[in-house]
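Visitor: Residue numbers (our numbering), protein chains in the order written: chain D, 1139 to 1366; chain H, 1139 to 1366; chain V, 37 to 275; chain B, 37 to 275.
Some hints here could point you the wrong way.
[What the hints assert, rightly or not] In silico lysine to any residue, SDA-like type, Cα no more than 20 Å apart, as pairs:
no.: 1; chain 1: V; residue 1: K39; chain 2: D; residue 2: A1165
no.: 2; chain 1: V; residue 1: K233; chain 2: D; residue 2: K1282
no.: 3; chain 1: V; residue 1: K233; chain 2: D; residue 2: V1326
no.: 4; chain 1: H; residue 1: K1185; chain 2: B; residue 2: V40
no.: 5; chain 1: B; residue 1: K39; chain 2: B; residue 2: I254
no.: 6; chain 1: V; residue 1: K177; chain 2: H; residue 2: K1265
no.: 7; chain 1: D; residue 1: K1185; chain 2: D; residue 2: S1149
no.: 8; chain 1: H; residue 1: K1217; chain 2: V; residue 2: D188
no.: 9; chain 1: H; residue 1: K1217; chain 2: V; residue 2: D118
no.: 10; chain 1: B; residue 1: K169; chain 2: V; residue 2: F174
no.: 11; chain 1: D; residue 1: K1265; chain 2: B; residue 2: Y126
no.: 12; chain 1: H; residue 1: K1216; chain 2: V; residue 2: D118
no.: 13; chain 1: D; residue 1: K1185; chain 2: V; residue 2: L125
no.: 14; chain 1: D; residue 1: K1282; chain 2: V; residue 2: G162
no.: 15; chain 1: B; residue 1: K108; chain 2: D; residue 2: G1267
no.: 16; chain 1: V; residue 1: K81; chain 2: V; residue 2: V40
no.: 17; chain 1: D; residue 1: K1216; chain 2: B; residue 2: D118
no.: 18; chain 1: D; residue 1: K1217; chain 2: D; residue 2: R1179
no.: 19; chain 1: B; residue 1: K177; chain 2: D; residue 2: F1341
no.: 20; chain 1: H; residue 1: K1282; chain 2: H; residue 2: N1255
no.: 21; chain 1: V; residue 1: K169; chain 2: B; residue 2: P170
no.: 22; chain 1: D; residue 1: K1265; chain 2: B; residue 2: E173
no.: 23; chain 1: D; residue 1: K1282; chain 2: B; residue 2: Y126
no.: 24; chain 1: V; residue 1: K169; chain 2: B; residue 2: N264
no.: 25; chain 1: V; residue 1: K169; chain 2: B; residue 2: H103
no.: 26; chain 1: V; residue 1: K108; chain 2: V; residue 2: G79
no.: 27; chain 1: D; residue 1: K1216; chain 2: B; residue 2: N264
no.: 28; chain 1: V; residue 1: K233; chain 2: D; residue 2: G1267
no.: 29; chain 1: B; residue 1: K169; chain 2: V; residue 2: D175
no.: 30; chain 1: V; residue 1: K39; chain 2: D; residue 2: R1179
no.: 31; chain 1: D; residue 1: K1217; chain 2: B; residue 2: A262
no.: 32; chain 1: D; residue 1: K1293; chain 2: D; residue 2: T1304
no.: 33; chain 1: V; residue 1: K39; chain 2: D; residue 2: D1163
no.: 34; chain 1: D; residue 1: K1282; chain 2: B; residue 2: S178
no.: 35; chain 1: V; residue 1: K177; chain 2: B; residue 2: V40
no.: 36; chain 1: V; residue 1: K108; chain 2: V; residue 2: F174
no.: 37; chain 1: H; residue 1: K1265; chain 2: V; residue 2: Y126
no.: 38; chain 1: B; residue 1: K177; chain 2: D; residue 2: A1311
Derived from the structure by calculation, the hints contain no laboratory data.
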Amino acid sequence: MTSQLDSIKLSNAQIAWRAAQDIEDGAYVNLGIGFPELIARFQSDDKDVTYHTENGVLGFGEAPEEGEEDWDLINAGKKAVTLREGASFFHHADSFAMVRGGHLDLAVLGAYQVAENGDLANWSTGKGGVPAVGGAMDLVHGAKRMAVVTDHVTKKGDPKLVETCTMPLTGLACVTRIYTSLAVVDVVDARFVLREKLDTIPFDDLQALTGAKLHIDGSIAALQVPTL
Amino acid sequence: MTSQLDSIKLSNAQIAWRAAQDIEDGAYVNLGIGFPELIARFQSDDKDVTYHTENGVLGFGEAPEEGEEDWDLINAGKKAVTLREGASFFHHADSFAMVRGGHLDLAVLGAYQVAENGDLANWSTGKGGVPAVGGAMDLVHGAKRMAVVTDHVTKKGDPKLVETCTMPLTGLACVTRIYTSLAVVDVVDARFVLREKLDTIPFDDLQALTGAKLHIDGSIAALQVPTL
Amino acid sequence: MAKVCSTLVEALADIDDGMTIMIGGFGGSGAPIELIHALIDHGAKDLTVINNNAGNGHVGIAAMIEHGMVRKMICSFPRSADPRAFTQLYLAGGIELELVPQGTLAERIRAGGAGIPAFYTPTGFGTQLAQGKPVAEFDSKSYVQERWLKADIALIKAEQADRAGNLTYRMAARNFNPLMAMAAQTTIVQATEIVEKGGIDPERVITPGIFVDRLVQIADPVQEEALNREDARYERAAQ
Amino acid sequence: MAKVCSTLVEALADIDDGMTIMIGGFGGSGAPIELIHALIDHGAKDLTVINNNAGNGHVGIAAMIEHGMVRKMICSFPRSADPRAFTQLYLAGGIELELVPQGTLAERIRAGGAGIPAFYTPTGFGTQLAQGKPVAEFDSKSYVQERWLKADIALIKAEQADRAGNLTYRMAARNFNPLMAMAAQTTIVQATEIVEKGGIDPERVITPGIFVDRLVQIADPVQEEALNREDARYERAAQ
């Protein structure tokens, strides 16, 4: 099924596009390093969204032109950024006061596994090597909405949405919505509730690719496949 | 003995003068509201001392001329002050981080009672009315030296230096030095050690006016009586 | 995202009876007098008010107390040049007092804003003000456990605001204002000047806009001290 | 009172083997590269280093590690574009790692500076990084107890300093610097410019001078990123 899946599943950019549609006008948002950062590209101009980065900037914008970088103006991924109007600088404790104190409207992270009770595993494969956590364990606590963007299954085809995470946890019962390459799934009362799925995949096939029961609460909308 | 005492004891200004002599060049100092504030008047110009006030100013100076007050520039006693070169403003949590975090070199407060173990009672008579504590309970913790300026006895002639405080405590084992109207006394290993006394009062008389044993460790210097 | 309100009435519209309200300022400096007086006109009652003090004279928080709006004060120093409004009601048993050491008050408010439910402090250990609180020893020293403080509403006085809600303060009027702005569900700010988004240097911002919900411009704010020097008395405006 | 040192050697003179050293910066931004390289020349060893990261390339903290000076890293993210210095030594068992979530790291350092020996945070609850730590429930939610972090020395990069020790920072180079300046016994600062006392607007001061012990002017500080783009490698200067 994996090769068939590859032909229908959303690209990371398409997943990011879908996640971007839910960001509200006026929101304060933290996008995790890597895949989640793509979401900013699909932010529509008619929404005023303010991006937070852990290293003490609120209101940063796109990367500067090559050669125009100022290395004192970077994001949490250590990439050079620019400032938008209304930006501010603050120290790391104030930055994480914003995170932990519940002031962000949305945080989006990647995932190795998400459990049906909202547990997230995204910082360590548990296989040794050098462990590194950064701000992930802080970001999963506090934001009003805590979303995940991810492929629906691993490269090997194993479910990433599971009954119980087997990999080291980042946070307990923290994820509120998952945008996958096949579906949009909410975590409600420790259950996965399917909100949207690709028209091209039957429910039973989607359930088979999911490690825990997908509940239905009302109608299931069609997950859009944007042309990007 | 009280009336006789009145003729020899130091005035508040003279006590403040004595306390000022011990302030080191370069020190960061918080002077409690009221009597301790007098100490700043006797600060010699050849020492560079920076005054901290709880409400978020480091490096304030004298009161402005009458009519020149800016009521956004006050000290913890709500009195208008001025700024010296090198001053800074900060919020209340940062201000008490300076206090609690051990960054002040000296805090000086008044006292109802000081016990030989360094316990201080200075915020409440315990007799009812409206209780008010302000920053006193914070100031007694953290400063490298925690000094008290006080009359040696109460208006009724009762000792203020005692074995155990009977009034509500401000802090436990916090006082390091006491400047009284008759003597300078250190708290060392939960004992009062007499460092200086007025030449005009015999040791036995001073001991009789003190509620706990005055220990002697080396010589007792003459407490100076400045002409102010 | 901060919303600019054109009137004080609009800024305070949804404040309800029984709410907990943090009010910035230390004595008169940084006290949002216009917001407080508009709240008196609004008429909310049964309020818990968090401030360093408990009013002075017959304006500001003292006037709130005189108008019977305050059920409980959480403060460090309920004394002032003229503390009669609080003192009389307190001694008559008409208002509750939670007395908190000043540094602990500041830290509890910061903790509320920073998502820290409790912390340990040396302040107050072994005193009446720590009675009933958990204690713990760290590195052979004893500490008291203190809890965060949060509020439904914070009333803040700022110097400059931009339309993104970024704030600066004027001198020692900063005091509790930036902390309270973080610790309330809804933060309502009176600013001497509201400038365009980006009108404040990002390095000079003291309160980032993420903490601010509503802004109202009060171009020439009155000082509590000035009111008290002319023996002013604030009376609720006729509705 | 801050002391202005004329050389990096003078600023670092009394650093001893075995000390705990906080080093400001997040990645390269705010990293006091000149102080770090002078510390490599100084030669202290057996150090515990606290920083968000664990070095990148062969300069800064990575070079300290390559010179065998670091016994233990306390950090949140020991990865970078080129993390080999740390990775190889770590996998060989030659360096200890205390991994701390980034927000907890920042808060522990602030707590060290603020005299708060311990606090509770939701971060890490139920994860490997909270193993062995006390937990507690507040308002039906579970939290982990975390302890303060202090250091013997903090190495700080500032933009402007005045002779009273007041500091400003440049953009996102602020990061951990103001926190570490509060949490060390001795805070040593390299500033791009040292101005007269009073040369910084009191409203713009980010780190008040009370937290600063020594200042040294490095007028044109190098960026770690720039060094790494030219594959620089710092080698201890011949003594």
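Visitor: State for each hint whether it applies.
Guide: Each hint, compared with the structure:
At roughly 13 Å between alpha-carbon atoms, V:K39 and D:A1165 fall within 20 Å of each other, so this suggested pair holds. Pair hint V:K233 plus D:K1282 does not hold up; C-alpha atoms about 25 Å apart against a cutoff of 20 Å. With a C-alpha separation of about 38 Å, the suggested pair V:K233 and D:V1326 falls outside the 20 Å cut-off, and the hint is violated. Straight-line distance between C-alpha atoms of H:K1185 and B:V40 comes to about 18 Å, which keeps the hinted pair within the 20 Å bound.
Using a Cα cut-off of 20 Å, the hinted pair B:K39 and B:I254 holds, with the two alpha carbons roughly 15 Å apart. For the hint pairing V:K177 with H:K1265, the CA-to-CA distance comes to about 30 Å; that exceeds 20 Å, so the pair is violated. The straight-line distance between the Cα atoms of D:K1185 and D:S1149 is roughly 24 Å, outside the 20 Å bound, and the hint therefore fails. For a cut-off of 20 Å, the pair hint linking H:K1217 to V:D188 is broken: about 32 Å separates their Cα positions.
Distance restraint check for H:K1217 and V:D118: the Cα-Cα separation of roughly 14 Å lies within the 20 Å cut-off, and the hinted pair is therefore satisfied. With a CA separation close to 14 Å, the supplied pair B:K169 and V:F174 stays within the 20 Å bound. A distance of roughly 15 Å separates the Cα atoms of D:K1265 and B:Y126; the hinted pair therefore holds under the 20 Å criterion. Of the pairs offered as hints, the one joining H:K1216 and V:D118 holds, with about 13 Å between alpha carbons and a cut-off of 20 Å not exceeded.
Taking the CA atoms of D:K1185 and V:L125, the gap is near 50 Å; set against the 20 Å cutoff, the hint is violated. With a C-alpha separation of about 39 Å, the suggested pairing of D:K1282 with V:G162 is violated against the 20 Å cut-off. Under the criterion of a C-alpha separation no larger than 20 Å, the hint pairing B:K108 with D:G1267 is consistent with the structure, at around 17 Å. Between V:K81 and V:V40, the direct Cα distance comes to roughly 25 Å. Violation of the 20 Å bound is thereby established for this hinted pair.
About 13 Å separates the Cα atoms of D:K1216 and B:D118, which keeps this hinted pair within 20 Å; it holds. In summary, the hint linking D:K1217 to D:R1179 is supported, as the alpha carbons are separated by about 15 Å, within the 20 Å threshold. Of the supplied pair hints, the one linking B:K177 and D:F1341 is violated, its CA atoms being roughly 36 Å apart against a limit of 20 Å. Taking the CA atoms of H:K1282 and H:N1255, the gap is about 17 Å. The hint holds against a cut of 20 Å.
For the given pair, V:K169 sits about 18 Å from B:P170 by alpha-carbon distance, which is consistent with the 20 Å threshold. As the CA atoms of D:K1265 and B:E173 are separated by approximately 32 Å, the hinted pair breaks the 20 Å bound. Restraint check for D:K1282 and B:Y126: not satisfied, since their Cα atoms lie roughly 37 Å apart, outside the 20 Å limit. Of the pairs offered as hints, the one joining V:K169 and B:N264 is violated, with about 53 Å between alpha carbons and a cut-off of 20 Å exceeded.
Restraint check for V:K169 and B:H103: not satisfied, since their Cα atoms lie roughly 49 Å apart, outside the 20 Å limit. Simply put, V:K108 and V:G79 have alpha-carbon atoms about 16 Å apart, close enough for the 20 Å limit, and the pair holds. Among the hinted pairs, D:K1216 with B:N264 is consistent with the structure: their alpha-carbon atoms are about 13 Å apart, no more than 20 Å. Taking the CA atoms of V:K233 and D:G1267, the gap is near 46 Å; set against the 20 Å cutoff, the hint is violated.
Proximity of B:K169 to V:D175 is assessed by CA-CA distance (about 16 Å); at most 20 Å being required, the pair is judged to hold. Distance restraint check for V:K39 and D:R1179: the Cα-Cα separation of roughly 26 Å exceeds the 20 Å cut-off, and the hinted pair is therefore not satisfied. For the given pair, D:K1217 sits about 13 Å from B:A262 by alpha-carbon distance, which is consistent with the 20 Å threshold. The hinted pair formed by D:K1293 and D:T1304 meets the criterion: a straight-line CA distance of about 17 Å does not exceed 20 Å.
Of the pairs offered as hints, the one joining V:K39 and D:D1163 holds, with about 12 Å between alpha carbons and a cut-off of 20 Å not exceeded. Between D:K1282 and B:S178 the CA atoms are separated by roughly 18 Å; this keeps the pair inside 20 Å, and the hint holds. Distance hint between V:K177 and B:V40 is unfulfilled; the C-alpha atoms sit about 35 Å from each other, more than 20 Å. Of the supplied pair hints, the one linking V:K108 and V:F174 is violated, its CA atoms being roughly 34 Å apart against a limit of 20 Å.
Restraint check: the Cα-Cα separation between H:K1265 and V:Y126 comes to about 15 Å, which is no more than 20 Å; the hinted pair holds. Our distance criterion of 20 Å between C-alpha atoms is met by B:K177 and D:A1311, whose separation comes to about 11 Å.
Violated hints, in rising order: 2, 3, 6, 7, 8, 13, 14, 16, 19, 22, 23, 24, 25, 28, 30, 35, 36; the structure is consistent with all others.
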